[in-house]
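Colleague: Chain residues, written in single-letter form:
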Amino acid sequence: MPDIEPFSPRGMFHEGWTAEVSDYAIACGWALKGKQFIVGDVAGGIFAFEGDTGKIIWKKENTHSGGLLAMAIHPEGEIFATSGQDGNVQICNCHEGKVIKTLDLGKGWVEHLKWSNDGLFLAIATSKKVYVFNEIGEEKWISEDHPSTVSAITWSNKNELATACYGRVTFFDIVNNKTNQKLEWQGSLVSMELSPDGDIVACGSQDNSVHFWRRSTGMDAEMTGYPGKPSHLSFDDSGKLLATSGSERITVWSFIGNGPEGTMPGELCHHTEPISSLAFSNKGMLVASGSRDGSVVASFLKNDGNGDPVGAAFAGDLVGAISWRPDDCALAAVNAKGVVNVWKFKVRTNLFSKGFK
Amino acid sequence: MSIKDKVPVTILTGFLGSGKTTLLNRILSEEHGKRIAVIENEYGEVGIDQGLVINADEEVFEMSNGCICCTVRGDLIRVLGNLMKRRDKFDYVLVETTGLADPGPVAQTFFMDEEISSEFTLDGIVTLVDAAHIDQQLGRSDESSEQVAFADVLVLNKTDLVSDDALDTVESRLRDMNRMTRIIRAENAKVPIETVLNLSAFDLDQILKRRPTFLEPEYPFEWTGVYDLDPGKYELMLEEGPDPEMSLVALVNQGESEEELKDGAESSVRLYAENANTLEPGNTIPYGEHINLKLEDKGNKSFILNIEKPTKIGLFTQHTAEEFNMKVIKSDENKEIPFNTERFWQAEHEHDDEVGSIAIERFGDVDPEKLNTWMGRLLSEKGVDIFRTKGFISYSGNPRRIVFQGVHMLFTAQPDKEWGNEPRRNQLVFIGRNLNEKEMQEGFDKCLI
Numbered sequence: 026m027p028d029i030e031p032f033s034p035r036g037m038f039h040e041g042w043t044a045e046v047s048d049y050a051i052a053c054g055w056a057l058k059g060k061q062f063i064v065g066d067v068a069g070g071i072f073a074f075e076g077d078t079g080k081i082i083w084k085k086e087n088t089h090s091g092g093l094l095a096m097a098i099h100p101e102g103e104i105f106a107t108s109g110q111d112g113n114v115q116i117c118n119c120h121e122g123k124v125i126k127t128l129d130l131g132k133g134w135v136e137h138l139k140w141s142n143d144g145l146f147l148a149i150a151t152s153k154k155v156y157v158f159n160e161i162g163e164e165k166w167i168s169e170d171h172p173s174t175v176s177a178i179t180w181s182n183k184n185e186l187a188t189a190c191y192g193r194v195t196f197f198d199i200v201n202n203k204t205n206q207k208l209e210w211q212g213s214l215v216s217m218e219l220s221p222d223g224d225i226v227a228c229g230s231q232d233n234s235v236h237f238w239r240r241s242t243g244m245d246a247e248m249t250g251y252p253g254k255p256s257h258l259s260f261d262d263s264g265k266l267l268a269t270s271g272s273e274r275i276t277v278w279s280f281i282g283n284g285p286e287g288t289m290p291g292e293l294c295h296h297t298e299p300i301s302s303l304a305f306s307n308k309g310m311l312v313a314s315g316s317r318d319g320s321v322v323a324s325f326l327k328n329d330g331n332g333d334p335v336g337a338a339f340a341g342d343l344v345g346a347i348s349w350r351p352d353d354c355a356l357a358a359v360n361a362k363g364v365v366n367v368w369k370f371k372v373r374t375n376l377f378s379k380g381f382k
Numbered sequence: 003m004s005i006k007d008k009v010p011v012t013i014l015t016g017f018l019g020s021g022k023t024t025l026l027n028r029i030l031s032e033e034h035g036k037r038i039a040v041i042e043n044e045y046g047e048v049g050i051d052q053g054l055v056i057n058a059d060e061e062v063f064e065m066s067n068g069c070i071c072c073t074v075r076g077d078l079i080r081v082l083g084n085l086m087k088r089r090d091k092f093d094y095v096l097v098e099t100t101g102l103a104d105p106g107p108v109a110q111t112f113f114m115d116e117e118i119s120s121e122f123t124l125d126g127i128v129t130l131v132d133a134a135h136i137d138q139q140l141g142r143s144d145e146s147s148e149q150v151a152f153a154d155v156l157v158l159n160k161t162d163l164v165s166d167d168a169l170d171t172v173e174s175r176l177r178d179m180n181r182m183t184r185i186i187r188a189e190n191a192k193v194p195i196e197t198v199l200n201l202s203a204f205d206l207d208q209i210l211k212r213r214p215t216f217l218e219p220e221y222p223f224e225w226t227g228v229y230d231l232d233p234g235k236y237e238l239m240l241e242e243g244p245d246p247e248m249s250l251v252a253l254v255n256q257g258e259s260e261e262e263l264k265d266g267a268e269s270s271v272r273l274y275a276e277n278a279n280t281l282e283p284g285n286t287i288p289y290g291e292h293i294n295l296k297l298e299d300k301g302n303k304s305f306i307l308n309i310e311k312p313t314k315i316g317l318f319t320q321h322t323a324e325e326f327n328m329k330v331i332k333s334d335e336n337k338e339i340p341f342n343t344e345r346f347w348q349a350e351h352e353h354d355d356e357v358g359s360i361a362i363e364r365f366g367d368v369d370p371e372k373l374n375t376w377m378g379r380l381l382s383e384k385g386v387d388i389f390r391t392k393g394f395i396s397y398s399g400n401p402r403r404i405v406f407q408g409v410h411m412l413f414t415a416q417p418d419k420e421w422g423n424e425p426r427r428n429q430l431v432f433i434g435r436n437l438n439e440k441e442m443q444e445g446f447d448k449c450l451i
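Line by line, the protein sequences give chains A and B.
Each step along the first sequence adds one to the number in the working numbering, with nothing skipped, and position 291 is 316.
Each step along the second sequence adds one to the number in the working numbering, with nothing skipped, and position 250 is 252.
Looking at chain A on its own, in the form it has when it is part of the complex (with noise of 0.2 Å):
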């Protein structure tokens, strides 16, 4: 259990709704344009809620035998990805959860799942080997084995998939089924990001350092210092700011003018505990972030990094994942007890204000 008390939502936070699920909460997303939200836990049970209101739509238990490992929601909203233990993949009807295709990739763990940013595309990773099928579930390409356990995948545009395990990252041409490019590092790369353009690479690295690649120059350069392993990045919508944390503290490069080489980065200090999870907002300069002591904080970022908290709430444990709604007028944390979150995110009228404590 969390050191600190629990405390009401605070600033921009406000009361919303909460609900349950079976077990730890791993994933979670929005669907349906925000009108549902869908929470998977580790043993492999699934919920969808109304995302007014988290009354229960549908449930559903031990969707992957030996537990889930990954969820992705479709762009769209209207179907979504689970995969788990059981080496298996199930394309789902948000609706209903009904499964519509099953794809049985062997006997690795299914770890990884990404939708392209057009939808039309699943990328899929399990042991070292990555997997692109359709929407419906056909198969499109499969990667060679990797020379490692695949540790992060990501679209760098709509055929381009971005793939990282030990020692390198690469850009396979999934249509022409070529590799566009190799970026070669000796470590063991936990995280991948790309900015939005898919210019920037950014990788944390088990050595507790991110390491990040321009693709158009070839120029790479590594950010040494953090006190844990770098496992949660993230870029806001516009590619300006890198979100990254290996511990209880945010590090926050900027990639305006020259930066971020030679430039102080911005640090944000609102947690006990290691971050267990971080999301830049949909659009703006917002971050949130999730602590394993349970705090949600939100910081308003400003161009070098630095910022301010403007809303704090507390999740009760061990915050699992969190996901701003479609329209950044909503935060979901969901726990490591299976306790679902979701505050309104707004600006406090004057008549309801009662500012920081």
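It is worth saying that the hints were derived from the structure and are not from the lab.
Note that the Cβ used here is the ideal one computed from N, Cα and C, for glycine as well.
Among these hints, one or two may not hold up.
[Stated by the list, open to error] As a list, the in silico DSBU-like pairs of lysine-lysine whose alpha-carbon atoms are at most 35 Å apart:
1) B:Lys-36 x A:Lys-362
2) A:Lys-369 x A:Lys-60
3) B:Lys-8 x A:Lys-84
4) A:Lys-58 x A:Lys-183
5) A:Lys-85 x B:Lys-36
6) A:Lys-154 x B:Lys-91
7) A:Lys-85 x B:Lys-8
8) A:Lys-362 x B:Lys-91
9) B:Lys-8 x A:Lys-362
10) A:Lys-84 x B:Lys-36
11) A:Lys-165 x A:Lys-183
12) B:Lys-8 x B:Lys-384
13) A:Lys-80 x A:Lys-369
14) B:Lys-36 x A:Lys-132
15) A:Lys-154 x B:Lys-8
16) A:Lys-85 x A:Lys-58
17) A:Lys-207 x A:Lys-132
18) B:Lys-8 x A:Lys-132
19) A:Lys-265 x A:Lys-58
20) A:Lys-85 x A:Lys-153
21) A:Lys-85 x B:Lys-91
[What the hints assert, rightly or not] From the derived model, a few chain B residues whose C-beta atoms are all more than 12 Å from chain A:
22) Gly-35
23) Leu-102
24) His-135
25) Arg-142
26) Arg-177
27) Glu-242
28) Gly-257
29) Ile-293
30) Glu-298
31) Lys-329
32) Ile-339
33) Ile-404
Use these hints to put chain B onto chain A, whose structure you have.
Modeller: Okay, now just chain B, sitting in the frame of chain A:
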């Protein structure tokens, strides 16, 4: 999170065919009330019976700085990172490595990765060795000697396939390589469960509570016989043996209890440290002195023991009596007097293996600053070759004993209980490859005040 709330992890290493899976199945099938999650790197040979079993390919991740101590096991980080979300399903983790695994990165994972070390604690490293094949394996592969060097417990398995003599030889070789380990002999991996689980082997405090000195001392002699002798003249008669000479200390009034034998052994160690007086056959053996019997001549050789009043004589001999068919004969009756009691000691051995243990034991206090400088330099220069370090130290001016341990260059030192009336002393064990004992002892001696 305190160490009590963390999930203990046992690492099971050993060559293919040493019996790891058999031991694993034994552990899983026994009633011990634990729910054990198993991470298996080696599969196919024998299936695992039950429980939460996760297969994962071994992935050794070196860091860009090239430092061997930062090398971790990516597969364990991944699997344990997921397991920690399912804490309600298990309360113990067993990791079965492949036969060729280097235990260093496995152990280091539990120190180097914050997420893992905040939830899990390395309980111990158990290495299985196949008694019939370990001798060849040690000669052929580095992995095999490293697995022996890292072990907190060594299970000498398949003892039914090897003679007792061969077992003794193997055990003594393993003991030389790793003097902190506990060696358990087993047939078909049949070992009591408590000897492999919940060892708290990385919690030095616990170890020292169980074994106030975790070193089995090595003596310069192998055997003691206690003889009850009336006044008169006796002959110590020896035949040809493995050596053309043999060291000996004879003590009068030697008791026969274990405690008295150990007291006698301690006096003898001190006497053995002095230069020996060489005795030719026919000479009289003095009491309480280090002597060296000349045994070059063929046939029986006799040395004289004179007894003035009834006493028990303790003979502390470099080799066992059996090796020289050594007898005590009462001269006037020409009658053999058998010993009342005998005791064998852990003897010093020649260290043939590259991998070995070095122990440093010194009374007194050390200067913390000097020690830190020395240890810092030692580990930075030799950290690659030093696999494990354990010990306790007496810092001058500190009322508490400092316990410490390390894996390669990673190193922790913590204050432990107060010394109280106990004599202040230092005990350090290094296990590693090609370590220079003399240099290390001299280095340590310079830190003493």
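Colleague: Run every hint past the structure and note whether it holds.
Modeller: Structure-based check of all given hints:
Of the supplied pair hints, the one linking Lys-36 (chain B) and Lys-362 (chain A) holds, its CA atoms being roughly 23 Å apart against a limit of 35 Å. This hinted pair checks out: Lys-369 (chain A) and Lys-60 (chain A) have alpha carbons roughly 14 Å apart, not beyond 35 Å. A hinted pair counts as satisfied when its Cα atoms are at most 35 Å apart, and Lys-8 (chain B) with Lys-84 (chain A) qualifies at roughly 33 Å. Only pairs whose Cα atoms come within 35 Å are accepted, and Lys-58 (chain A) paired with Lys-183 (chain A) is accepted, the gap being roughly 21 Å.
Annotation: proposed proximity of Lys-85 (chain A) to Lys-36 (chain B) holds, straight-line Cα distance about 30 Å (limit 35 Å). Restraint check for Lys-154 (chain A) and Lys-91 (chain B): satisfied, since their Cα atoms lie roughly 29 Å apart, inside the 35 Å limit. Pair hint Lys-85 (chain A) plus Lys-8 (chain B) holds up; C-alpha atoms about 32 Å apart against a cutoff of 35 Å. Restraint check for Lys-362 (chain A) and Lys-91 (chain B): satisfied, since their Cα atoms lie roughly 14 Å apart, inside the 35 Å limit.
A distance of roughly 18 Å separates the Cα atoms of Lys-8 (chain B) and Lys-362 (chain A); the hinted pair therefore holds under the 35 Å criterion. In summary, the hint linking Lys-84 (chain A) to Lys-36 (chain B) is supported, as the alpha carbons are separated by about 32 Å, within the 35 Å threshold. A C-alpha spacing of about 14 Å is found between Lys-165 (chain A) and Lys-183 (chain A), which places the hinted pair at or below 35 Å, so the restraint holds. Restraint check for Lys-8 (chain B) and Lys-384 (chain B): satisfied, since their Cα atoms lie roughly 32 Å apart, inside the 35 Å limit.
About 16 Å separates the Cα atoms of Lys-80 (chain A) and Lys-369 (chain A), which keeps this hinted pair within 35 Å; it holds. For a cut-off of 35 Å, the pair hint linking Lys-36 (chain B) to Lys-132 (chain A) stands: about 27 Å separates their Cα positions. Pair hint Lys-154 (chain A) plus Lys-8 (chain B) holds up; C-alpha atoms about 33 Å apart against a cutoff of 35 Å. A distance of roughly 22 Å separates the Cα atoms of Lys-85 (chain A) and Lys-58 (chain A); the hinted pair therefore holds under the 35 Å criterion.
Note on Lys-207 (chain A) and Lys-132 (chain A): the hinted pairing holds, with a Cα-Cα distance of about 28 Å set against a maximum of 35 Å. A hinted pair counts as satisfied when its Cα atoms are at most 35 Å apart, and Lys-8 (chain B) with Lys-132 (chain A) qualifies at roughly 29 Å. As the CA atoms of Lys-265 (chain A) and Lys-58 (chain A) are separated by approximately 26 Å, the hinted pair is consistent with the 35 Å bound. Taking the CA atoms of Lys-85 (chain A) and Lys-153 (chain A), the gap is near 30 Å; set against the 35 Å cutoff, the hint holds.
As the CA atoms of Lys-85 (chain A) and Lys-91 (chain B) are separated by approximately 20 Å, the hinted pair is consistent with the 35 Å bound. Distance check on Gly-35 (chain B): its Cβ is at least 23 Å (rounded) from any Cβ of chain A, clearing the 12 Å threshold; non-interface status holds. The non-interface label for Leu-102 (chain B) is consistent with chain A: the shortest C-beta to C-beta separation is roughly 17 Å, beyond 12 Å. Consistency note on His-135 (chain B): stated as away from chain A, and its beta-carbon is indeed over 12 Å from all of that chain's, at 31 Å minimum.
Every Cβ of chain A is farther than 12 Å from the Cβ of Arg-142 (chain B); the closest lies at roughly 28 Å, confirming the non-interface assignment. Listed as outside the interface, Arg-177 (chain B) is consistent with that label: its C-beta sits roughly 37 Å from the nearest C-beta of chain A, beyond the 12 Å cut-off. At roughly 62 Å from the closest C-beta of chain A, the C-beta of Glu-242 (chain B) stays outside 12 Å, upholding its exclusion from the interface. Residue-level check passed: Gly-257 (chain B) sits 59 Å from the nearest beta carbon of chain A, beyond 12 Å.
Every C-beta of chain A lies more than 12 Å from that of Ile-293 (chain B), the closest at about 60 Å, which supports listing it as non-interface. At the 12 Å boundary, the C-beta of Glu-298 (chain B) stays outside the reach of chain A, the nearest C-beta of that chain being 62 Å off. At roughly 67 Å, the least C-beta separation between Lys-329 (chain B) and chain A is larger than 12 Å, which holds for a residue marked as non-interface. For Ile-339 (chain B), the requirement that its beta carbon stay farther than 12 Å from each beta carbon of chain A is met, with the minimum near 70 Å.
With 12 Å as the threshold on Cβ separation, the claim that Ile-404 (chain B) sits away from chain A holds: the shortest Cβ distance comes to roughly 26 Å.
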